[in-house]
Each structure stands twice: as C-alpha cells, then as structure tokens.
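Given the sequences, and given the hints that come with them, work out the whole structure.
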Amino acid sequence: MDIRVSETPFDPGAESNAFLDRGKAAGAAVTFTGLVRSLPDDPIIALTLECYPELAIRQLTAIATEAVTRFSLADITVIHRYGRMLPGEPIVQVMALSAHRQAAFDGAQMVMDYLKTDAPFWKKETTATGEHWVEAKSADDSAKARWEA
Amino acid sequence: MDIRVSETPFDPGAESNAFLDRGKAAGAAVTFTGLVRSLPDDPIIALTLECYPELAIRQLTAIATEAVTRFSLADITVIHRYGRMLPGEPIVQVMALSAHRQAAFDGAQMVMDYLKTDAPFWKKETTATGEHWVEAKSADDSAKARWEA
Amino acid sequence: MKVLYFAWLRERLNLSEEDIAFPPEVVTTGDVIAFLAARDEAGALAFERPAIFKTALDARIVPHGTPLADAKIIALLPPMTGG
Amino acid sequence: MKVLYFAWLRERLNLSEEDIAFPPEVVTTGDVIAFLAARDEAGALAFERPAIFKTALDARIVPHGTPLADAKIIALLPPMTGG
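Residue numbers (the working numbering), protein chains in the order written: chain E, 1 to 149; chain P, 150 to 298; chain A, 299 to 381; chain F, 382 to 464.
These aren't lab readings, by the way, just hints derived from the structure by calculation.
We treat Cβ as the ideally placed atom computed from N, Cα and C, and that holds for glycine.
Chain E side only, calculated, beta carbon under 8 Å to chain P, not exhaustive:
#1 A28
#2 V30
#3 T31
#4 T33
#5 G88
Quick look at the structure:
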C-alpha cells in the first residue's frame with residue numbers, strides 16, 4: 001500500500017507503471033485519475049486545493065485499508081495533490097490491483113467515494129469572475145452511502 | 150475514440166498519458182488494465198491469445214460506441230493484444246474519460262464486461278503440465294447481463 | 299464459401315480455414331454447422347454442442363439461423379475468452 | 382489548546398490557527414464550536430450551522446460531542462471537497 005499527499009505534481013502514467021511493476025501478475029488493475037476540470041460552459045482558470053496533510057494521510061490510509069480488506073485487493077495506491085493547479089493537471093489517482101476485475105473496479109470506486117467526503121481537502125476555483133470555494137455535493141454523500149448497506 | 154487490436158506489446162502508462170493528453174480537462178478518467186495473471190497457486194508459463202482481428206475491431210468499436218452513448222463519455226480507448234505473452238504483460242487496456250467519475254467507471258466496466266463475451270479472442274494457457282484453452286465463464290455472462298436490465 | 303475456424307475448434311478440426319462448395323440445402327449458418335457435424339467424426343465431436351458457437355458472416359456476428367445469402371466468409375467462433 | 386481552521390472557515394475567521402485557553406465549561410468538541418460561535422460576530426456567522434463541521438482531535442476525526450480530554454490540537458473542518 002502506498003498513500004501519498006503532496007504539493008508536488010505527479011505523472012499519471014509513470015505512477016500506473018510503477019504500481020503495475022510491483023504486482024502485475026495479479027491480473028487486473030483499475031486506475032482512477034481525477035484532473036482539474038475545465039469545461040467550455042464552465043471554464044476555470046485554476047484550482048487551489050487546501051489540505052490538512054497529517055489528517056489526510058490518516059484518512060486515506062483508513063479508507064484504502066478498508067477497501068483492501070473488503071475486496072481482497074492485492075495492492076492499492078492513493079496519490080492526492082494539494083496547492084494550486086491548472087486545468088488538466090492531475091489532482092488524485094487511485095490504483096487498485098486484484099486477481100479479479102470486479103474487485104479492482106469496486107476497490108477503486110469505493111476509495112474515491114469515501115475520499116470525496118472523508119478526506120480533508122477543500123477546492124477553491126478561480127474563474128474569470130473571481131474565486132469561490134466548491135460546495136460539497138449531496139451526490140457525494142449518496143455515493144459513499146451505497147458502500148454502507 | 151481509439152480502438153486497437155495488435156500483436157505488438159503496449160506500455161500501459163504511456164497509453165494512459167497519451168489518452169489523458171487528448172482531453173484531460175474533462176476531469177475524470179478510469180483505466181482498466183488486464184495483465185497476464187500468474188498466481189502462486191496457479192502459476193502459468195505463458196498465455197497465447199488467438200484473435201479474429203477484423204471482427205475484433207468491429208465488435209470493440211460497437212461496444213465502445215455503445216458505452217460512449219450510454220454514459221456520455223468524452224472519449225474512450227480500447228487496446229487489445231493477441232499472440233504469445235508472459236506473466237505480467239498487459240493484454241488489454243480500456244480507458245474512459247468523462248466529466249463525472251461515475252460515468253467513467255461505468256463506461257470502462259461495461260466495455261470490459263461486453264468485451265469478455267463478445268470480442269473474438271481466445272486464451273490458451275501454458276502451464277508446467279501442458280497447454281489448455283481457457284473455458285468461458287458463466288460469471289462473464291452475468292457481468293454482461295447487468296447492463297441489459 | 300470460405301469457412302474459418304478458431305481456437306479449440308480449429309485444433310479439433312486441425313484446420314484454420316477451408317473452401318467449401320455447400321450443397322443447395324445449406325441455407326443458413328445453422329445449416330453450415332449441421333453440415334460440418336455430419337461430415338465426419340471430427341466434425342461430429344467438434345460440433346457436439348452447436349448452440350455454444352457464434353457465427354460471423356463476412357466478419358459480422360449474426361444470429362443463429364441467419365441465411366448465408368451472398369456472404370463470402372463464414373467464421374465459426376467458440377465461446378470467447380478475451381480481456 | 383491549539384485550534385486549526387480550514388478553507389472558507391479559515392477565510393471567514395481570517396485566521397488559520399490560534400491558541401485558546403478554554404474556560405472549564407468547554408468540555409467537548411461541540412462546546413468548542415459553541416464557544417467560538419458566542420465569541421464574536423465573525424464566529425457567530427462562521428458557525429451558523431454547527432452540524433456541518435467535522436472535528437479532529439490531534440489529527441483524528443472524532444464524533445460530535447467527544448470530550449477534549451488531554452488533546453492538544455482541535456481542527457474544525459468544513460464539508461470536504463477533495464478528489
């Protein structure tokens with residue numbers, strides 16, 4: 001397991017390959033990469049993530065451990081950046097490795113669903129009209145809730 | 150959309166980065182990588198995939214197009230190798246890009262579920278005791294069926 | 299008509315492809331399988347469970363029982379195991 | 382006790398951290414929020430909806446109403462929006 005919270009940019013493909021190199025004979029790997037979004041009808045100039053690093057590491061470790069146990073994952077890596085980023089830059093990457101593709105999909109998805117509501121990061125968008133904090137979405141609460149059935 | 154069927158090995162991380170570079174401001178990318186599995190209790194020496202390339206391209210294109218429509222994906226790439234491979238080598242990679250993480254997860258997963266039963270590839274394992282064709286799993290039929298509800 | 303065989307079907311028939319001039323009573327993809335199953339011992343064994351095969355005409359999957367019409371190639375496909 | 386504020390809470394209070402010697406009636410994490418809400422105008426506004434905040438003691442998330450005991454740091458966390 002590898003959990004990283006850092007202001008340093010990361011290379012999604014290089015991280016995927018490093019992850020696969022550690023255990024690729026398991027068979028199935030699912031990678032989620034979250035990037036700074038900027039859509040034509042909602043363009044943003046920059047995204048700044050605030051973080052409480054010590055707590056973030058603890059929360060991400062707990063979430064990843066739960067996913068490994070629940071889906072018998074062979075390995076998991078979570079990388080989350082904070083600080084100022086531009087559109088298209090990677091913010092977060094979750095990689096789950098398993099002998100079975102469904103477990104790898106479920107593991108990566110569960111980590112993302114928990115991370116959204118339980119990891120201490122806060123997004124502030126800079127747009128042409130100024131800066132604003134991104135509001136927490138109730139959709140994120142329901143995405144998390146489905147794992148608690 | 151990019152659909153490739155080839156005997157040439159591919160680099161999972163380099164493919165992820167090339168895919169992200171084409172549209173990463175969409176926000177969410179899910180990558181599934183299937184690798185030649187070799188578990189301690191079921192070690193294999195090599196895996197040989199047979200393929201009907203012309204039909205494979207057509208089927209993968211149809212599956213990917215259906216996923217793009219159904220989940221409003223911003224982009225999708227499917228790469229599938231055939232020929233002889235060693236444990237840990239990548240066989241297949243599916244990458245789905247969307248503005249929403251759930252759509253990206255669903256798109257990648259649906260393509261994998263359909264691919265398993267509808268794309269003309271056949272696996273033959275070489276183990277210490279000889280060679281054998283991998284049997285189709287009924288679990289793969291049920292995985293596909295859930296998208297047809 | 300060109301007939302293609304894949305994977306274990308190819309191995310059981312010891313043949314990856316052949317040209318067959320089907321008799322006029324072979325009209326559909328199902329008739330092709332029945333013809334091959336009746337042809338010899340190897341065919342009978344290979345097509346013991348005809349329903350498990352998918353068939354493609356000119357590299358397009360078609361439902362069981364589709365007329366061959368003017369297709370040039372029929373492919374007989376055991377259950378697929380890719381991914 | 383050291384108190385940490387994050388994101389828009391930090392901005393509304395114009396403060397990322399401070400040391401507060403709480404009076405003896407401040408026993409739980411909920412009491413800390415009530416204390417800060419009662420302290421001044423900015424606090425009242427920032428903690429208008431106290432239930433939305435999570436709290437961490439010494440960098441561990443704790444349920445609402447957990448006693449401070451001998452924790453050295455309390456962090457007040459608006460709803461999280463990472464990922």
